[in-house]
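Asks: Spelled out from the first residue to the last, the chains are:
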Amino acid sequence: MENLLELNGVCKSYQAFSLKDVSFSLPAGSIMGFIGENGAGKTTTIKLILNEVKRSAGTISIFGKDNIKDEMAVKQDIGAVFDESYFFDGFTAADVGKILSRVFSAWDQPLYEKYQKDFELSPKKKIKEYSKGMKMKLSIASALSHHPRLLILDEVTSGLDPVMRSEILDLFLDFIQDEGCSVLFSSHITPDLERIADYVTFIHKGSIVLSLPKDELTEKWGIVKCGASKFADLDKSGFMRWKRGEVECEAPVRDKDEAKRDYPGLVVDNATLDDIMLFYVKGEKS
Amino acid sequence: MRGMLLKQFLYLKRHGKTLPLIIIMIALIALPLSASSSVSTACSIIAMVAAMLTIFVMFNNRGIDEQAKWDTYARSLPVSPYVTVGSQYIITAIFALAGMAAQFIVFTVSGTGINKLAAIVIVFTGAIPLAICDIALPFCYWLGCRKASYIFLLFCLTPVVASFLQAHGINPTLNVSNQQTPLLLGLSVLIVFAVTLVSLFISCKIYTGKEV
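Residue numbers (my numbering), protein chains in the order written: chain Y, 1179 to 1464; chain G, -13 to 198.
None of these hints come from the bench; they were simulated from the model.
A virtual CB, placed ideally from N, CA and C, is assigned to each residue, including glycine.
Take these hints with a grain of salt, some might be off.
As the list claims (entries may be wrong) - From chain G, some residues computed to sit far from chain Y (all C-beta separations above 12 Å):
no., residue
1, G(-11)
2, K(-7)
3, S174
To be verified - Just a few of them, taken from the derived set where beta-carbon distance is under 8 Å, the chain G residues facing chain Y:
no., residue
4, F(-5)
5, L(-4)
6, V95
Start from the sequences and build out the full structure, keeping to the hints where you can.
Replies: Now the structure itself:
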């Protein structure tokens, strides 16, 4: 399967934070959930992909082209939506359409008008009169109306109510029905990603912890649970991380069936994205 | 470029009510300051309106970009930094050129014709505000509009400096012959053009160097 996005050994250093050796790839026709706690490096990675900040090392390839050398050509096929609206609040949806129709060569005005109608965005209403959800819908409509192949979303569902979030997630699922399109969806709302993502990439303190198909995570990974005294006696070499409570201890495992065989008599539950994220952020390691 | 320029014009359209008000206010201020002759009155008003409007448009449009954090979004679009930043320079140049055109019309319609003085007035009506914007814009990209506006205030000290020099008997005058006038005016235009290019280059460097 063709990769629409590939990052190899990407590094970026700031005084207080650095992104270290970030590598992952996004196949065509899929949605990748990009998760991590606040400040883990999700937005920095997205800015590097969009060449909004300069990378210190590594390569980023989009549609097989370098994201810096072929920046303008590549960006014609990218739709980017951020966590806030960057349009002047005195503009209307019609104004935004007029500007972007002159920016994107493949701008589809009837499609933009269809999105406005579907999202109930009045073309004459000023953006300052929109709710947060409406502003987000406008950003999504403007990102989709030039038929992008890659959609980059940075925390777009944060602060939206469940109904609005559900509508927006359905839209992204529709978008990848065309198998030549993909979505990189950064979020810390893991239930959203559990619903729509095909792949999950987890970044923690500027490093990629894991990048794999979501089904592998939700179907194969598990959480071993046992009492504190029993946990103290266990060989922990098979555990990446663990949480030690006064009564109960928990540890994630990559293969829950194997864990059931290796630790007979212990409870092995299914793992959620939240569980895995929490273990890496809060858990102990050997 | 068309998209970025349209955005600049749409910013102005959204201030549609404010702009004519500003023009009338400046005209009212300029009226008693201007000389008694009707042509020179019109020229003074136009020069002042053109200068104030050009500078207002520059600060206004850049200020809106800053407030909306437009640069973060613009950097995700297939638009080169020279186009994004260049549109800001073009909109200011359009207003400066409009002032020059208005002066030209006044001189032509009034029957005064384009003599040496008229040519100087026309060129400097555009050149002075444009040069001010050329100096201010890199500061706007570097420090932001609010801080850059403090630097702009320094330009307001020019009349004070002129008065100070006059009070101390320093009164530099340039005696230009009729033959030298076209050459000097052409040179002024070239200098302003060169300053604009250098300013655009610096602003672009600041824009691309900034990590949004």
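Asks: State for each hint whether it applies.
Replies: Evaluated hints:
1. A beta-carbon of chain Y is positioned within 12 Å of the beta-carbon of G(-11)(G); the least distance is around 3 Å.
2. The beta carbon of K(-7)(G) is not kept farther than 12 Å from every beta carbon of chain Y, the shortest such distance being approximately 5 Å.
3. With a minimum CB-CB distance of about 34 Å to chain Y, S174(G) clears the 12 Å threshold, and the non-interface call stands.
4. Contact between F(-5)(G) and chain Y, as hinted, is not supported at the beta carbon level, the nearest pair being about 10 Å apart and thus beyond 8 Å.
5. Proximity of L(-4)(G) to chain Y holds as hinted, the smallest CB-CB distance being about 5 Å (cut-off 8 Å).
6. Because the closest C-beta pair between V95(G) and chain Y is about 36 Å apart, greater than 8 Å, the hint is violated.
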